[in-house]
Every structure is written in structure tokens, then in C-alpha cells.
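Student: One-letter residues, chain by chain:
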Amino acid sequence: MSLLDRFRDRVGSGSATSGDPLVDDLRAVLSPDRVKTDGAQRSLLGKDASVFDGGSAGPICYPISTNEVVDIMQVAQRHDRAVVPRGAGTGLAGGAIPLGAPIVVAVTKMRSIGEIDEANGVAWVEPGVINLDLTRHLTPLGYHFAPDPSSQQVCTIGGNVANNSGGPHCLAYGVTNSHVAAIEIVTPSGDVVMLGGLDPEPDGYDLRGIFIGSEGTLGIATKVAVRLTKNRPAVRTLLLSFASVRDAANTVSDVIAAGIVPAAMEVMDQRITEAVENYVGAGYPTNAAAVLLAEVDGPEEGIDIDADRIAEIGRANNATMVRVAADNTERALLWKGRKTAFGAVAQIAPDYYLHDTVVPRSALADVLDEIYAIADRHDLLIMNVFHAGDGNLHPLIVFDGRDEGVLERVHAAGGEIIEASLAAGGVLSGEHGIGVEKQKYMDRLFSDADLDHQNRLRRAFDPVCRANPGKILPMGHSCADIQQLRSVPTGVWG
Amino acid sequence: MDLHLDADDLNMCVQCGLCLPHCPTFRVTGDEAMSPRGRIHLMREVQDNNAPLTTEVLESFETCVQCRGCEPACPSNVPYGHLMEQTRETLAEHGEITPRWQRLALAPLSNPSMLQAGSSALAVAQRLKLVPKRLGISAELPIRRKPLQASGNDVYLFTGCVMDAWQRDVHRAGMRVIEAAGFGVTPTNDLAPCCGALHAHAGLSDTTRGLAETMMAALESDRPILVDSAGCGAAMKDYGHLLGTSEAQAFSERVFDIGEWLALNMDDLPRVAPLDLVVAVQDPCHLRHVQKVHESTRTVLRPYVRELVELDDDGLCCGAGGAYSVLEPELAGQIRERKVEAINRQRPDAVASANPGCSMHLAAAGVPTIHPMELIDQALQQA
Ligand SMILES: Cc1cc2nc3c(=O)[nH]c(=O)nc-3n(C[C@H](O)[C@H](O)[C@H](O)COP(=O)(O)OP(=O)(O)OC[C@H]3O[C@@H](n4cnc5c(N)ncnc54)[C@H](O)[C@@H]3O)c2cc1C
Ligand code: SF4
Ligand code: SF4
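These protein sequences, in sequence, are chains A and B. To convert, count from 1 in the first sequence and add 75; that's this note's numbering. To convert, count from 1 in the second sequence and add 13; that's this note's numbering.
Have a look at the derived ranges for each label pair, beta carbon to beta carbon:
1) A:M269 - B:G108: 50 to 58 Å
2) B:E308 - A:R398: 18 to 26 Å
3) A:A194 - B:D362: 31 to 39 Å
4) B:R311 - A:E193: 30 to 38 Å
5) B:A286 - A:L216: 33 to 41 Å
6) B:G108 - A:L216: 47 to 55 Å
7) A:L216 - B:L204: 50 to 58 Å
8) B:G223 - A:S187: 45 to 53 Å
9) A:I188 - B:D167: 50 to 58 Å
10) B:E226 - A:D99: 52 to 60 Å
11) B:A286 - A:D108: 48 to 56 Å
12) A:D108 - B:M279: 49 to 57 Å
13) A:G217 - B:D362: 22 to 30 Å
14) B:E343 - A:G356: 35 to 43 Å
Covered stretches of chain A, as calculated for chain B (at least 3 residues, CB under 8 Å):
15) 112-118
16) 162-168
17) 176-185
18) 217-229
19) 413-421
20) 424-436
Treat the hints as calculated values from the structure; they're not laboratory data. Computed from a predicted structure; not experimentally measured. For glycine and all other residues, C-beta sits at the position ideal for the given N, C-alpha and C.
Chain A with its partners taken away, still in its complex shape (with noise of 0.2 Å):
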């Protein structure tokens, strides 16, 4: 390479970019270094944990305080640009992903844990604050944040709220949504607007609710107010292996029929779990079709009762083995196995798809016979993973991208996955939100009014779809449609 060819190459495509008055503009309201326009790692935030390409980013904020989330609104406003909210990239659904090159405000910067406040049961944090900080933060004081996502060592609280986030203990203590109290949020506009209260039953309409689970389309979170909840006095973790899925399933059922609600109850198939216990050594039986996770807690004294008749349900479908956690130690191993089930499996295969449908759970058993069965039409590898307890499918198909036409195959059967969830009088997303993936399926769910009251309500936070468009509503309704017409020529920011 001679010099000239390297300096240029040094210099590289942050030149391409410097004179843009939308970058100088961003630049003046944050500081420089908090504006990043290098094309490599713009081409980094055009992605998150989902499989969906075709992401690509303009320039990227680092935002440290609400005046400034409100500055980079309006300077999006005075340049007619999109904004897209990304907290850690774990999202599994492309609700990050930035169609149209529009700025991208990394919260990952705004990450502190304020006031605890004990008498109104919550803590004000910022949207960056990741989910197991804050449990971690709140643990001495005898509190934890009770949603507790696969993803919590990373994850954070603003996408939490923007995707409802559910986690293995939510069977008992419900998702996001019952855990947040209020939300400060910068409006596509540019105001600074609070929604819900420390009340507990506030008055006026549940904008607070609407907000959760928006993805990044109605505004910034920038400061929430999430609930304490109380440590659990005492836990009682419960390993269960099964010769088939099905047996495991109807566990499940049962035990819920049975009157019992356990903290979590979740299974993984033969093959994840091979690849868990090979990166945690829990301890996990790789010789079992299925295990079951199940967890109970409440006081000491009649604990055991509910742990054992989960253990005599188990062997009532034929459980093969059933094993009760000894120790805090043990008990932290088989949740990290089990919480980092999808990574894993990277050592199968260098690629993942990660489904989220919801079934009831009478019909678990049959959905999921009906899973293998079309990974098989489609000679695919498919693994389950699951939120058994309130009937939250993650099928899991991994694959080598690398393969020839192995894509269309891996979203043929994905659809098929969807189509034969709803059948079963499923929906279509447990946790993980639409974001580009599901949009599409979304009118097998609602109906053209349904959908267009959805548009309304986007369009009253949001007239001019400047925030996360692209996401949620399907093609053909409006804020979708905009998105289309103002995405910027591919060259300008490619």
C-alpha cells in the first residue's frame, strides 16, 4: 500500500460525511466525540442479535442527559430525519435496526441508577442501565427488578420497556409491563412528556402502557421509574429429564392445571442442552430427550409441598430423572445454562433464528411434534427452547448462511412456525417484539380497522413517522408507507 493510498484509507469515510450540515448540527449539541460517522461502525449499529441484514445506519449519537436526547430530536426535525432508539443490540426482532440511514441514539450512555424510592416501591433509572446492574444494585437493599430476560447481563432497561421484555420468572410475577410505574419520554417532537405515576392507580388514560412495548415508534425513553420487588425468602430449583418433548410438555400443563404457579418453568430439547452443558457443566443430562427447569418460591415453610408435587406430576408423565438444586452454586449454574442457551449453540452452527410465537399451553405438546416436523420438510436443524410455563415457543433453527439458498429456507419454515402457532390459537410474538420481523403477519392477527387504529394512535404521538419507522405495522398502512418515501438515496449515507 503506498502512503498516499493509506492516508487516504485513514482518513476514510469519515471525510465523505465531514461538511454535513445534519452531522455539524448533531455535533454542536453533543460533544464531537459523541457523534460517530466512520462507515464501519455504522455498518456495527446497522444490526442487532437478529438475523435481518439490510440495516444501515446514518449518523450515531451518544446522547448523556434528556436535554440532550431532546437537542438530536430537534435537530432530526430541522433536517426531516428518522430516529431510531437502540439500547444494547440484543434485540432479536430488527427492532433496532435503522431503515433509511436515520440517526441512531445509543442510550448506552445514559446509565445511571438514581433514587431508590421505598416508600413509593421504585427506582428512577436511566434507559441505559443495564437489567442485571440494577438487579445487582437493588440486592443488598433486598429488592430486585423482576423481569429477568435471558439477555439481563446485558440488555437494558429502555429496550426492556420498548419490547415488554418477559423473562423465566415472569411466569409468576408478569412481564415489563407490570413493572414499570412511570416513563419520562422524549416525543418525536421534541417535548419532554411523563407518562403513568408513582399513584397507584393514576388517572387519565394509560399512556404508560401504550408506550411499553412500542419499540422505539412513539418516542425515546429516557428516564423510567421501575418497581421493587421483594427477594424471594426461599427458592427451590427443580431438574427434571424426560424421553420425550411431549412428556414435557404435558408436565407443564399439568402442573399449571394442578392449582401450582412456580416462579419459572422452562425446557430445552436434547440437542440445546448438549450444547448448554458443554459450555456450563451444570450438570444437565445430555441423554434426555427434554429437561424441565422448575422453580418455586415463597416462605420457607411450605415450600417443599409445591416442590414435590411438581416432582410427582413429573414422574406421573414419566420423568426420568428428577433432581432438586443443592446449593445457591448449583442452582446459578443450570440458570446460566439455561440463559444462555441461544449463544451456545453457535458451537452447532455459526447461525441462528430465533422464533417467538405464543401457544396455549394444552396445545404445547402438538405445536411442538408439529415444529419437527416441518424443520424435517425443510431439512432443517431445529432446536426448542422455551418459556414452557406460560406456553412461549422459541424454536430455534440454526444454520450456515454460508450455505446456497438455505435462507429462503430458514424463513419458509419460520413461516410455517408462525402459521401453525396461530392455527393453534396462538400470537404471533411472546416477547421479542415485531420490529421488521413479524410485520408482515401481522394482518393474520388483526384486522384492516384494528390496524389502522393502531396507525392512528402511532400517528398521535408521531404525525410525521419520524421515530423507528419502518417497524411494527405491516406495508400499506400509513407510517410504514412514509418510511418508504423518505428514505434518503443509498450513497449519501448508504
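Please build the complex by placing chain B with the ligands on the supplied structure of chain A, with the hints as guidance.
Tutor: What follows is chain B with the ligands alone, placed relative to chain A:
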């Protein structure tokens, strides 16, 4: 540019992001380009899509501490350390990183007499308060040194370059402890001048290969080789991978961290009254994330101090990173602040660290650091 990265290794990353919070540079910056997932993505962009090596891209690679905290956090077992070493090697070959002044600075490490002269000069300069604070060298360097004498030939003690010149007291303590367990120790002194870890970090792997060959030739036999610097031990355990030969593999298998080896021979070590100290264990990254033998520090220390306490930061790096604290002082300082906060939460009397780099980096921020062997030695001496 072809970074010569193995396509399969690169492909193992599924972008789940689980590694992000375990990365010290992501922790302090919140910037994904300074995270493992980000750096892997940039490697792909450069290698597969010919992305230009902009200042930003190089900065992302250069700011990696190479602590490898991302490796145990990764459920897909992405071999991040090797990917980054290879990236740096290619970039150094093309003159993109590790400028001439850095190469010159690394040269004396492989030449003990030059280093001794250098650090004697440094010691004098330090007494005269001429050493810039950013170098993070705070413990007073000794001006004159007594050579280490062999006490037998059961095991080697690798004395290294930086360690030997700057922290010979640690070697002495380590030797006394091993001897107390009934083993004779041969210090390697000039036999094996340097392990080459810092060179490999800087992308000068060829130099490391040369140093590895020298050491393997000098330390022939099947005696275990004990190392009291976690960074050196990790590098020496990697010779098998680096040279790709069965001899190198066999050599690597003879290498033990001194605590790791002692933990296997604890029964031979006299039990004495413990020191009246609350000691926090600071796991050097290359002991915990790379060698994965950090538990042994606890096994060997526990009987010799009043109380051992754990830090609550999941073994996040302290920011020392070999030469990192000198090359990236600002980030290294921010990373250290997090560590100091974690230490202060436990209020220990002393902090045990099995790596000289970490010790000096933390000591420069006022943390009372000490090598675990020195603690055990003190307890034995006191009895
Ligand atoms: C290994 C793995 C396991 C997972 N397990 C679970 C699980 O058990 N349960 C579950 O529910 N999910 C799970 N997920 C999905 C994902 O982690 C969650 O959806 C998480 O809440 C996303 O948080 P994030 O910070 O990564 O958000 P991102 O991915 O960065 O963003 C997600 C969405 O939120 C929006 N957003 C982000 N921040 C803000 C903000 N401040 N204001 C407004 N909108 C914002 C974005 O625009 C985007 O639409 C998993 C993901 C992985 C990789
Ligand atoms: S944890 Fe491993 S697979 Fe996941 S993003 Fe990090 S390096 Fe990639
Ligand atoms: S080696 Fe350390 S600094 Fe580098 S990416 Fe991994 S965790 Fe981050």
C-alpha cells in the same frame, strides 16, 4: 485487507451481545465499537468487505486491552484472543499499528541486561521524581539487586524480564514458599530472558515465536516451570498454539502458575497462624479468563490470612493490560476507577494480585497490592 483471520473462527460469533458487559472498554465508554462484538464485526468488515482502515477502526482495535474477559462470557466459545492477536500481527506487518518507538521500547525486554540497566536508570529517575505519573509506576524500584540462587532442581521458577527487574522480591517470596513445601527451585534468570507476551499483544508475534524457541531450548527436561506473573504464564501456555508443534505443546503443558502448582501440593506446605488481615482477591485477567486457574489463588491463600473477600465485578479487567496503561492512559484510568470502587466496597486491608502489571497499575492509584506468594511467605516467616 486480508487480516489472515480464520473464516470459521470469525463466523462463530452470532452477535448475541452477551459479551458486552464483560468488556472493560465497553463498560466505561458505552460505545459498541469498543466491545468484543463490535471489534469482531469490524474485523469482518475489514477482511470480508474491504472496509477501509479508518482512524476509528484502528482505534477500536488498538483500545482492546486483550484481557479476554469476553472469552468465558461467550457461550459460542469464540476464540477472541487469537483473533485479536492475528489482527494485530497483520496490522503491525502493514505498519498500521505499533510504531517504531513502541518496537524500540519492547526491544530491551528480550535482553535482560539492557532491561536491568534501563530499570536501574528508571529507579534512580524515580527517586529523583523524574518518572511521569502516567507511566503508573509507583512502587519504588530497587536500585541494586542480589541475584537469585538455585536451591535445587525439582522445579523451575520463571523470572522473566519486567518481573525480574522490577519485582524480584516476589520471586524471592515465591521461592521460599515452594522451598517450604520441600521442593528445590531453579530460577531461570538469564536462561530464558522473556516470554514474549507483550510482543504478541503488540502484533509482533514473530518476536514471540523466536523467544519461545529460545526458552524451549534453554529449559529442556521435564521439570515443571512455575510462573509468578499471570500474563507470562498465559503466554507460555499458548506456545503450543503459537508454534503449532508437538514439542511446543509439551512445553506448554509443563507451565504452571505458581499458585496453581502450589494448590496441587498444599499438603506439603506447613500450616501456621494466619496473618491478621482481610485480603481481597483481585484476579488478573490472564489468570482468570485465559489460564482459568484463579480458584487456586483462593485455595493457597485461605489458610494464611484471617479472611478472604471477593470483589463483586465478575473479574472485570483493572486496565493494566501489559503496556496498555502506558499506551491508552485515559481509558486505563477509567477502567481502573471501576476496579478501585469495587475494591473499596469490600474494605480490605490488602489486595492480592498474582500479576505484576495489575499490582503496579493499582498501586499507582493507592491500592495496597501484594502478590499472594508474599502473603504466604510473610505468614511462614512470622511463625
Ligand atoms: C441471548 C438472548 C436472549 C434473550 N432472551 C430474551 C428473553 O428471555 N426474553 C425477552 O423478552 N427477550 C429476550 N431477548 C431479546 C432482547 O434481549 C430483549 O428484547 C431486550 O429487552 C432488548 O434490549 P436491548 O437493550 O438490547 O434493546 P435493543 O435491541 O437495542 O432495542 C430493542 C428495541 O427497543 C427500542 N429501544 C431501545 N432503547 C429505547 C429507549 N430508550 N426508548 C425507546 N425505545 C428504545 C429499539 O428501538 C428497538 O426497537 C434475548 C436476546 C438474546 C440475544
Ligand atoms: S458473546 Fe460470543 S457470540 Fe455473542 S456477540 Fe460476544 S463474541 Fe459474539
Ligand atoms: S479482550 Fe478485553 S478489552 Fe478486548 S474485547 Fe475482549 S473484553 Fe474487551
